[in-house]
Structure formats: structure tokens, C-alpha cells
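> Model the placement of chain B on the given structure of chain A, informed by the hints.
Each chain, written out:
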Amino acid sequence: MSELLHSATAAVEMARKAGAQDAWASLSRDRSVSYTFRDGKIEKVEESTSRGLGISLYVDDRYSTHSTTDLRPDRLQAFIAEAVALTRALQPDPHRKIPDPALFKDRPTTDLERNDPAVARITREQREAWCAEMDTRAHADKRVISAESSLFSGESQGASASSNGFSGTWDGAYVGYSANVTVREGEDKRPEGSASAVGRFLAGLPEPGKIADKALGRALERLGSKKGPTLRATMVVDPEAAVSLISRALGPASAAAIQQGRSYWAGKLGQPLFGDKLTITDDPLIPRGLASRHFDGEGISAKRMPVLERGVVKNLYVDTYYGRKLGMAPTTGSASNRVVALGEHDLAALLAQAGSGIYVTSWLGGNSDSTTGDFSLGLRGHLIENGKIGAPIGEMNVTGNLPALYRSLSAVGNDPYPYSSLRAPTLVFSDVQFSGA
Amino acid sequence: MQPLLTTRRGFVRGTATGAVLLGASGLTGCRRTAAPGIPMIPGEHSSLSDHLGFFSVDEPTIARVMAELTARGADAADLYFQHSRDNSITMEDGIISRASSSVDQGVGLRVVVGDQTGYAFTEDLSLAAMLAAARTAASIAHGGKVVPPVAYSHGQAASYYPLTQPWAEVGVTQKLPRIARLNALARAADPAVEKVTVSWADGEEAVLIVDMHGKIHTDLRPMTRLWCMVTAKKNGVTQANSANLAARQGFDWYTDERLQFVAAEAVKRTMILFEAKRPPAGELPVVLAAGASGILLHEAIGHGMEADFNRKGTSIYASMIGKKVAPDFVTIVDDATQPGERGALNIDDEGNPTEKTILVDHGVMASYLHDSISARHYKHRGTGSGRRESFRHAPLPRMRSTYMENGPHTRDEIIASVKKGIIAETFTNGQVQIGAGDFTFYIKNGWLIEDGKITAPIKDINIIGNGPEALRNVTMVANDTKLDFGGWTCGKDGQSVPVSQGMPTTLVSKMTVGGENV
Chain A
44 MSELLHSATA
54 AVEMARKAGA
64 QDAWASLSRD
74 RSVSYTFRDG
84 KIEKVEESTS
94 RGLGISLYVD
104 DRYSTHSTTD
114 LRPDRLQAFI
124 AEAVALTRAL
134 QPDPHRKIPD
144 PALFKDRPTT
154 DLERNDPAVA
164 RITREQREAW
174 CAEMDTRAHA
184 DKRVISAESS
194 LFSGESQGAS
204 ASSNGFSGTW
214 DGAYVGYSAN
224 VTVREGEDKR
234 PEGSASAVGR
244 FLAGLPEPGK
254 IADKALGRAL
264 ERLGSKKGPT
274 LRATMVVDPE
284 AAVSLISRAL
294 GPASAAAIQQ
304 GRSYWAGKLG
314 QPLFGDKLTI
324 TDDPLIPRGL
334 ASRHFDGEGI
344 SAKRMPVLER
354 GVVKNLYVDT
364 YYGRKLGMAP
374 TTGSASNRVV
384 ALGEHDLAAL
394 LAQAGSGIYV
404 TSWLGGNSDS
414 TTGDFSLGLR
424 GHLIENGKIG
434 APIGEMNVTG
444 NLPALYRSLS
454 AVGNDPYPYS
464 SLRAPTLVFS
474 DVQFSGA
Chain B
70 MQPLLTTRRG
80 FVRGTATGAV
90 LLGASGLTGC
100 RRTAAPGIPM
110 IPGEHSSLSD
120 HLGFFSVDEP
130 TIARVMAELT
140 ARGADAADLY
150 FQHSRDNSIT
160 MEDGIISRAS
170 SSVDQGVGLR
180 VVVGDQTGYA
190 FTEDLSLAAM
200 LAAARTAASI
210 AHGGKVVPPV
220 AYSHGQAASY
230 YPLTQPWAEV
240 GVTQKLPRIA
250 RLNALARAAD
260 PAVEKVTVSW
270 ADGEEAVLIV
280 DMHGKIHTDL
290 RPMTRLWCMV
300 TAKKNGVTQA
310 NSANLAARQG
320 FDWYTDERLQ
330 FVAAEAVKRT
340 MILFEAKRPP
350 AGELPVVLAA
360 GASGILLHEA
370 IGHGMEADFN
380 RKGTSIYASM
390 IGKKVAPDFV
400 TIVDDATQPG
410 ERGALNIDDE
420 GNPTEKTILV
430 DHGVMASYLH
440 DSISARHYKH
450 RGTGSGRRES
460 FRHAPLPRMR
470 STYMENGPHT
480 RDEIIASVKK
490 GIIAETFTNG
500 QVQIGAGDFT
510 FYIKNGWLIE
520 DGKITAPIKD
530 INIIGNGPEA
540 LRNVTMVAND
550 TKLDFGGWTC
560 GKDGQSVPVS
570 QGMPTTLVSK
580 MTVGGENV
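If you read the protein sequences in the order shown, they are chains A and B.
First residue of the first sequence: 44, per this note's numbering; consecutive thereafter.
First residue of the second sequence: 70, per this note's numbering; consecutive thereafter.
Read the hints as simulated data drawn from the structure, not as lab findings.
Careful: at least some of the hints might be erroneous.
[Stated by the list, open to error] If you anchor each label on the Cβ, the simulated ranges turn out as follows:
| no. | chain 1 | residue 1 | chain 2 | residue 2 | range |
| --- | --- | --- | --- | --- | --- |
| 1 | A | K269 | B | K302 | 40 to 46 Å |
| 2 | B | R250 | A | E283 | 43 to 49 Å |
| 3 | A | K148 | B | P408 | 53 to 59 Å |
| 4 | B | G521 | A | A434 | 46 to 52 Å |
| 5 | A | S399 | B | G563 | 35 to 41 Å |
| 6 | A | K357 | B | D162 | 24 to 30 Å |
| 7 | A | E171 | B | K346 | 36 to 42 Å |
| 8 | B | E263 | A | R59 | 36 to 42 Å |
| 9 | B | I390 | A | A391 | 44 to 50 Å |
| 10 | A | E428 | B | E519 | 33 to 39 Å |
All C-beta atoms, glycine included, are put in the ideal place defined by N, C-alpha and C.
The shape of chain A in the complex, shown without the other chains (with noise of 0.2 Å):
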């Protein structure tokens, strides 16, 4: 048995002895390093281990969950007595059960790769030659004021046990850089550009100085920005942007929000709520994904699951708790990796389709409302001009409903962002209200 489960057996024993029921205890041991440089030197360096335990408590049909990282054995034995007394002053909930020990079972052994050793072994000198390579990159333009390059990396390990038979142990590395580029316009003005890369495995990375021509690229893109127009038009979404629009779109997905009457998902499970362009899985076992496990935070077994097919809801996010308030059946409270089905055509050719209208890069703030899907977000971009990418554009806000705007999407690229755990494509949607001049 590793240290860690060892550990996580050992609290759930002092929670018992301390007169819970029941008792749920997880360990972790992360080590981060990061270096960033800025304009020929580093800048700083942080490196570090930290670790921490947490626990749930079921006490007499009431529940509460603790976390500390003070592990010392005194304390810790402390810490929990109090945890159970405090939870004994609570109230009886009779939907809080323990995750059922069924869900534990079948579950998946494939490789999932997770853990790279080559992060591990990455040296100091290779830190700094990498920040030093995308410095050099990030600064190939007179008009540059300032470049940050950032090398991160980390380690971790973690166990669970539980007192109705459940333990797992699990581990994954993460390797990643970015950069940021200032550059001048006019007297004031400072145009910003970034970019990013992380992956589970150093070998599934651009080199670092690609990333610091990309970052370069989009700041200079920036230069002469203007706001746009006030209009209704098409709107082509970059990948990268499309992320956190389809991320947005899955938040109230869960049990959780529909049972408190916080979500536009509510009674469309079966039914279209989206329009057919739209398919999306939630896959926990992709190797080297981000997300990628083989249980959950509730020792759920992972398994593939359809979200949307074509539109229609197919599934949602349901744990323990609020599946026993609507009666349905735990699936899984928390995502993995969501993969979005992609298209035929790549950016260039969606454009060319477009014509017109607004390609947007990145988002600017925003926010949404889960119970009625109504949103506005601020946007960068540039104007769709004869199909081809135009004057960039800025200091504009797209407002309208997120069912209604997914089932305007009228086309979806074969070209999703691969450096996050959401692999969203290339998005285009038709007739959508923008806000500028």
C-alpha cells in the first residue's frame, strides 16, 4: 500500500473511532516549479511540495467535510474529534448517504498516461535555456515594450480510501509554458498578446519559441484596433475562444443546479435544447488527456458519456446527493475531458463561407445567468472582410441566450485548441446581436 493510502486509510479509522458512521479521506503531494523571465533575466522562481489531507464525515445522517495541512499525527487526530463533534451539532439531512459502493465497481485499468517522467527530470539549465529561447522570440519586433516567458511544471500524487470499501491511488505530471508580448501604439496604448501550451507529456508540445512568435503575432494583430460596429451578423468563434463559450454553455449541466431551480437544462433531458451541429462527449479515458481518470471524486467508475447528441441532452452531471433529491441516478458530479464532434472545414474555408461579420479571438469579461441562459460577454477580433480575416476590432460587447445562440451555430471546424481538457473547434453562428460604436 503507498504512504498516501496508508494515510488516508489511517484518517478514516480516527474519524470512525471519533464516532462517525462513515467517513471518506483523500490525500495529495503536489511539487510545482515555475520560472519566468522577463526582458533578458529571470524574474522569479518558485518552486515548492505541498500537501493536505481532506475528509467527509457521514455523523447520525448529518454531513460535513474538512481539509487540513497540518498533518502532524497529534493534530491531525485532533482535528478530526472536532470535525465529528462539530458535525454532530448539525441536522439530520436524509438524502446525504455515502457514495453506493456499486458505483466502485468495473473500473477502468487502461493507461491512461498520465505521468511523463521526462517532467520530472527537466533540469534548471533547461528552464532557463526554454524561457531564454521564447525571450529572445517574444522581443523579434522594435516595437515591443516588455515579454514575459513562463516555463511551469508540476507533480502529483493522491489517495483515497473510504469506510465502505472504496481506495484508489492516482498520479500525473503537467508540463507547460506561455508568453505575453507588449507592444507600443501611439503614446499610450499597450497592446497585449499570449499564448499558452500545456500538456501531460513534454513530447505533445510546439517548441517554446513557437509559443513566443504566437504571443509576438497577436499583439502586433492588435496595432490600430478600433471598435466595431453596432450590427446583428455571423460570429466565427477561434477555438481557443470557443473553450470557454462551450464551457459556459455545460456550467448548469448538473444535477445540482437543475434541483435548486438554477439552470436552463431543467426537464430537456431527451429533448433538443441545442441545435444539431452540436455533439459533445464526456470522455474520462483519453491517454495523456487532462482530465483523463479512472474514478471520480466519488469513486464513481469512469466511463465515456454523450452530453449532447445532435442538440438533444443525452446526459447530465448527476452525483449522489442530488440524484437522491430528483431521483435520478448518479452519472458523475464533476467533468473530465468534453470533446466536442468536429466539422469538414478548417477556419479559413469557414471564413471564406462567412463572408462577413465578426471573427472573435478572445473574450473580454462577460457573464452569463444559468437559469435563464441569458448572456453578454466583451469580445477582440477582427471584421470578416470578403472572407478573409480584416481590421482588428475591440471594446465590443455579444449579448442574446445561450440556447438560442447554439441553435443559430451553423457550422463547427475539424480544428480543436488541443491544450485543454474542453477540445472545442472553430464555432459559427449566425445572425447574433454585437455592441460597439
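This is chain B only, laid out in the frame that chain A set:
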């Protein structure tokens, strides 16, 4: 609705509900009778050795770690010890559905050479673990050894948030009736109310900061927050909204009047959504209602005045100190000294004294917000603005309570002056791009103004503008400034810190309003 106020590098958000703190004990009692194994946090008047002893360290230990930390040279070096206890309780569907507690403890070690920083932290406060972290942090430096101090002294600090009873002494059984009361008030407020969620959070954080000159600074920082979330149903339509109270206050702050206020506010904000529409899309005059509209200052100017962005030349305000940027009646401050406010601070997270900093003085750009690195760079005495999320992070220049002082106009005059525009009243989030100056904030509730009169409620629109332009376009400021009662959390470089914001009723003559032209 996800309350989240993000910016590229700076963001503010109306903190999501949930996990904050609670002392562990379910029983009330005095601080000296806590359970064995859970030591009480030393008070304001405790001795230095009590403060050190709380973290299981003493002067010789600190001296050894500091010597290791500065062994390769340093312009500055510090140890940031922190112990936080947080508690939360949630009532949903009339049942206490969950409670939580957390303890977070550790030390962050920092070496600064010029503008270069080496940083490491450890949750293990043993000498061996601290020495190892010190060696890691020190590796940034390449100079000669610094002579460590021979003795340590305890610095004096202001006291903007004394509590009559620390949170660790308040038992869960005291809190439950207050939570149930708020739930009942919200449910009774309107027959259309279907669901109420009440989320309670309290906690305190003890910090002990040791600098390389032998000064030790301590602070005990309470924080509490109470959310009321409401879902209502009318004619088959569902709407949800919320209100919250946040402050560095204790249990006695939650009077029945305050509970009645937040329940009424949450229900009012929800019920008005049934009638609310989108305004027309495009450029409009925007009246910022007194209070939470300070979000505009936070985004449009506050982040851009944080000195790190200016030292690096990446802020749109980098060359504007001393320049006229707004009309004479505009004075904007960032103030750590407002008693009991969420953004109040006795000392900053580098141990520097705090103050009320004037950012814009009668229309003229006056001062940046400094941490120690930027204060040395600009040869400035400092503003006490070096803040960090926790011992896991190096400090950065950050805001505290940002607001505009009173102006010469009245709210009625301002509204009457607008032919066609909107009033922005409640907000969920905002964001800014430091260099381009573009900023946004999201209006949850507001009003349409037509011919100088309030005519209809509006909802769910984003506003986008440009910082320097918005300042120039401030045409009227009223005499009713106040801080928002709700809590705000600001994010920058992956670190979240609590802040406050405030505003008098203010007219900005033109900003781009999200909306729909049907």
C-alpha cells in the same frame, strides 16, 4: 449565474459561495478552553514569544532560517508564516445540507535581488523543511552573504478590525439560528420564492512576517461572509439572483436588521428580473449607482495603477503620473484604513504600514500602488499595497478598498440630465486589459432612463469601455459615496485577495452597452 469577475491579469469577482472558515469546536467557550491539540491563535497583545510559539518556532530557529535564506545575498528577504482557519455552513431546501472547516498553515520564504525573486514555501514547519525551502529560494541570488540580525523586535501596527469575540470562540450552535432566520426571512418575502440557499462563512488568519533587518510583524485578520441566493417562479418562468454581506467583523455584526436587509435585497433583485429586459445595443450614457459601481474604478484605473505593471512599462498609465486625466471633481483613492471593511489591512503582507493612497487627486494622476520591489524601483516611501493570497505566493502590488470621493452633484440631477441611457446597479464581475486599457463589467440589475426618468428595469448586460477615455468622460459626480456591502475578490497572476469598492452616483457620458436591437 456564475459570479466571476476576471481580467487578463487582474480580475475581481463576487466570490462564489462556500468554503471559508470556522473554528473547529462545536461548543462555545473561551479561547483558553479549546480542545487539546488545537492551540488558540495569539491575540493582539500577546508577547513575541507567544506569537513565535504558535508556529512552533523561536528566535534562534528564525535566525538560522534567515541566515540560510540570505546566504547568497539579498536586497530583501522575508519569512511569511500563516495559519488560517475557515468554516462554512450551507442551508438548502430548509436543511443544513453541509458544513466545512479547514486549517491551512505554512511559511513562504522569499529572496529579492533587484527585481528578481526566488520563492519557496513549506507546510512543514520543522527546521529541516524550512532550511531546505530557504536554500531553494536563495538559489536566485549570486552575491555575498548578508549578515543576519542579532535580535528581533515586534513591530507595532494599526488596528482596523478588532473583534470582541474571536471566531474560534463562536460555536456552530450559535450560527445555526442566524442561518435559519435568514432562510425564513427570504422565504416569507414573496410567495413566488421557490428556493433559498443560505451560505455562511467565517474565519481568521494569523500572519507573522519576519524581515531581514530583524523586524517581526504580526496581524490577526478576521473575515466573514453571508450569502442569500433566491430562486423564484412566476407563470412558468424561473429567475434566480443573490445578495451577500461581507466584512472583517465578528458574530455580533449579524444583527437582525442586517439579516432583514440582505434577505430583502436578494428577493428584490430576483423579483425585478421577471420584468427586466435588455436595453438597446450600442453606445449610451451610463449612470453608475452609488456603492458597488466602484467596480468601474477597480477595472478602469485601479489595476492600471498597480506599480508592477508600470515598472515593467505594460500599463496604459505608465506615463501618466502628474497628468490631468479627469475633471477637477474626480478624486479616487485606495484605502486600507476603513474599519471592518473586507479590504481593510493593518499591515500589508510584507509587514509595511498601510494607508489611504490617493490615486487621482482632483483629476490629476497622483500615485501608484506599491509593493517593496516597486517602491525601491521608484524610490517611493511605499503605500503598503504588497499583498498575497497565502504563504504559497510572493506578494504583488494590489488594491484594498477602492472608491471615489464625493462630488458636487446630486443623484436626482444626474438622472434628470440623461436623455436616453441606463443606470448600472448590481454587478457580478469585471475584467481589464492593462496595456490596451479596455475594461468590462457585467450588470446584473439596472434601469433604463428615458427623458430624465427611470422607466424600466434591465438585466444581464456587459459594459465595455477604455480606462483613460472613461475617466475623461466622467461628467457628473454626486455627494452620496458609499462602499458596497457585498464582498469582492480580486484575482491577479493566479492570486485572489479580498477587496472592497465604492462609488458616489456618477455619470459617464458614453460607454458600449451590451444589448439587443430587435
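> Using the Cβ atoms, figure out if K357 of chain A sits within 24 to 30 Å of D162 of chain B.
Given a distance of about 28 Å, which is inside 24 to 30 Å, the answer is holds.
> Does the Cβ pair S399 of chain A, G563 of chain B satisfy 35 to 41 Å?
Roughly 39 Å apart at Cβ, these two residues keep to the hinted range, so it holds.
> Could you check the hint for me, namely that K148 of chain A and P408 of chain B are 53 to 59 Å apart, CB to CB?
At roughly 57 Å between Cβ atoms, P408 of chain B and K148 of chain A fall inside 53 to 59 Å, so the hint holds.
> Lying within 44 to 50 Å: is that true of the beta-carbon distance I390 of chain B to A391 of chain A?
46 Å, holds
> Note whether the CB distance of R250 of chain B and E283 of chain A lies within 43 to 49 Å or breaks it.
47 Å, holds
> Given the range 46 to 52 Å, decide if the beta-carbon distance of G521 of chain B to A434 of chain A lies inside it.
38 Å, violated
> Taking the Cβ atom of K269 of chain A and the Cβ atom of K302 of chain B, is their distance within the range 40 to 46 Å?
This hint holds: roughly 44 Å between Cβ atoms.
> 36 to 42 Å was suggested as the range; check whether the CB atoms of E263 of chain B and R59 of chain A agree with it.
Hint holds: Cβ distance 39 Å, inside 36 to 42 Å.
> In this structure, is the beta-carbon distance linking E171 of chain A and K346 of chain B contained in 36 to 42 Å?
Between E171 of chain A and K346 of chain B, where Cβ atoms are some 56 Å apart, the hint is violated.
> Could you tell me whether the CB distance from E428 of chain A to E519 of chain B stays inside 33 to 39 Å?
36 Å, holds
Hint violations for this structure: numbers 4, 7, all remaining hints satisfied.
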